[in-house]
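Top to bottom, those sequences are chains A and B. In this text, residue positions in the first sequence follow the UniProt record's numbering: the first is 1, and each later residue adds one. In this text, residue positions in the second sequence follow the UniProt record's numbering: the first is 1, and each later residue adds one.
Do not rely on the hints blindly, as some may be mistaken.
Same chains, same label: a pair holds when it works inside one copy or across any pair of copies.
[Claimed, not checked] Here are the simulated DSBU-like pairs of lysine-lysine, each with C-alpha atoms no more than 35 Å apart in a straight line:
| no. | residue 1 | residue 2 |
| --- | --- | --- |
| 1 | 46 | 80 |
| 2 | 249 | 28 |
| 3 | 39 | 95 |
| 4 | 46 | 178 |
If you're looking for bench data, these hints aren't it; they were derived computationally from the structure. All values derive from a computational prediction rather than experimental measurement.
Number of protein chains: 2
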Amino acid sequence: MTTSTKKYRTPDGLPVDIAIFTITSHAKPGSYKTLAERKLGVLLVKRSEQSAAYPGYWALPGGFSKETETLAEAAYRELKEETNIGEDVRIEQVKTVYYPGRDPRGWMPSVLYCALVNESLLLGLTADSDADEAQLFDLEDALALPLAFDHNELLRDSLTHIRHQMMTTTIAREFLPKSFTIRELYQIIQTVVPAFEEDIANFKRNLLTTKTRSGLIREVFGADGKPLTTDRNSNRPAQLYEFTTYEPKISIYNSGIF
Amino acid sequence: MTTSTKKYRTPDGLPVDIAIFTITSHAKPGSYKTLAERKLGVLLVKRSEQSAAYPGYWALPGGFSKETETLAEAAYRELKEETNIGEDVRIEQVKTVYYPGRDPRGWMPSVLYCALVNESLLLGLTADSDADEAQLFDLEDALALPLAFDHNELLRDSLTHIRHQMMTTTIAREFLPKSFTIRELYQIIQTVVPAFEEDIANFKRNLLTTKTRSGLIREVFGADGKPLTTDRNSNRPAQLYEFTTYEPKISIYNSGIF
DNA sequence: ATAATAGTGTCTCTTAGACATTATGCG
DNA sequence: CGCATAATGTCTAAGAGACACTATTAT
Numbered sequence: 001m002t003t004s005t006k007k008y009r010t011p012d013g014l015p016v017d018i019a020i021f022t023i024t025s026h027a028k029p030g031s032y033k034t035l036a037e038r039k040l041g042v043l044l045v046k047r048s049e050q051s052a053a054y055p056g057y058w059a060l061p062g063g064f065s066k067e068t069e070t071l072a073e074a075a076y077r078e079l080k081e082e083t084n085i086g087e088d089v090r091i092e093q094v095k096t097v098y099y100p101g102r103d104p105r106g107w108m109p110s111v112l113y114c115a116l117v118n119e120s121l122l123l124g125l126t127a128d129s130d131a132d133e134a135q136l137f138d139l140e141d142a143l144a145l146p147l148a149f150d151h152n153e154l155l156r157d158s159l160t161h162i163r164h165q166m167m168t169t170t171i172a173r174e175f176l177p178k179s180f181t182i183r184e185l186y187q188i189i190q191t192v193v194p195a196f197e198e199d200i201a202n203f204k205r206n207l208l209t210t211k212t213r214s215g216l217i218r219e220v221f222g223a224d225g226k227p228l229t230t231d232r233n234s235n236r237p238a239q240l241y242e243f244t245t246y247e248p249k250i251s252i253y254n255s256g257i258f
Numbered sequence: 001m002t003t004s005t006k007k008y009r010t011p012d013g014l015p016v017d018i019a020i021f022t023i024t025s026h027a028k029p030g031s032y033k034t035l036a037e038r039k040l041g042v043l044l045v046k047r048s049e050q051s052a053a054y055p056g057y058w059a060l061p062g063g064f065s066k067e068t069e070t071l072a073e074a075a076y077r078e079l080k081e082e083t084n085i086g087e088d089v090r091i092e093q094v095k096t097v098y099y100p101g102r103d104p105r106g107w108m109p110s111v112l113y114c115a116l117v118n119e120s121l122l123l124g125l126t127a128d129s130d131a132d133e134a135q136l137f138d139l140e141d142a143l144a145l146p147l148a149f150d151h152n153e154l155l156r157d158s159l160t161h162i163r164h165q166m167m168t169t170t171i172a173r174e175f176l177p178k179s180f181t182i183r184e185l186y187q188i189i190q191t192v193v194p195a196f197e198e199d200i201a202n203f204k205r206n207l208l209t210t211k212t213r214s215g216l217i218r219e220v221f222g223a224d225g226k227p228l229t230t231d232r233n234s235n236r237p238a239q240l241y242e243f244t245t246y247e248p249k250i251s252i253y254n255s256g257i258f
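When you get a sec, could you build the whole thing from the sequences and use the hints?
Pasting the structure below:
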């Protein structure tokens, strides 16, 4: 096999698709300060009406990777093109798919990434891009749409991936400000994994005091050496915490760490 | 973009590489029956001396996927070609890699799979394939070799992957006979994840009696309704167990299941 | 005072972990 | 009997889980 003359049929491209997730806050109206509602959202783009395949359909952002870049670089490039977000965002490779017929244009595998984006980074979104091109959907709405290609399945796979990561790694940090309250952390976990239910008092105590989990988050202190608090969720100030670099490794065969 | 005339440069192929792991038993000599030693092994193939790239190097088995098959089918095809093993084996996609220069032949990404193979399936290996073509290596030996392309890195990635899976899923079953003793399970886990150390008496009790883990394995009963035992590891017979279909979901935020 | 969330206390039952003890079967 | 592994028992400290209660701040 040489570079110039091909003996075999080769792929018609190696696209990278990317499911960009964010969690949006919706302040509830009322005279008393109350916890914002949070929803998981995903960014979709509308294919042009002139597209050869799936014209006018909503799809995951994506595009062809190039010979001169890595797959992750291609994913970051797409992210930048669609949302103007830089590389200070976490992306993860979910899987690579190909099966005959998945793309009418030919032999077209797809490397699927997902990105976890803090809501604050998507603020300028509708301003920066053409009004009807990229749009943030509530997750249920996105799942209910008929997406281009096999993107419904890719979206479900990405969702499964981040749900799993949410429970087994500290990716919750990607959706949170640097300093957050216990309640905010709890709410983020529940937003991504609705099945996660626990008495929040126990959640807090176990997170802070048990051997296997203490060290995961720590109190944030101000210049005066006193713990910092915030009143953004309630009139009564709540203490702020931050993630450390500790990532517990867990096991089904014993409790906690190995 | 059409199927016939390409406007853009496209990949020069989409290879699938596969790290085939197995656990070998080596009976220790002696007059008393004692536990076999177990080692993690990986299958490598030797590249022909006529290869354009890395001639004579050991490499992960692999080959080009085709337009007419899925990626998993390509992986199973490679597995079949190298080991004559059928589809009754578990494979998992680890990751897809590409970066400029990773293959001197051109734009060559690689989809990495790993397979977990019961030792019994590899028995006919050296007989069925050319003597010097495919060989089972002890893992440390394989890691110490200079492998073709970036296969050292791919092998390390695969190893990280199965170590993680070993602790968080029931893939241990792939290395075990259908019925196994607690000790055998314990030994398999330790073989793949040496850091896993626990008093085996506690391991057994917790596995069988705690809320979050009971249901993972169950006793095996014979036709007479009595629990089955084996004396393959010791003179004193030990009770046999089997995995159920239960796969616990675990979390860093609480103990056990969500 | 009241709304809403933050934070503490308490009690019981389960589990983790360390370690000792007994049991089985064969040479 | 001695060897190697299997299986059971015991004790303490830690954690899970349920739930009641107190605290803080702005309106």
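Please write out, lowest number first, the hints stated earlier that are contradicted by the structure. none
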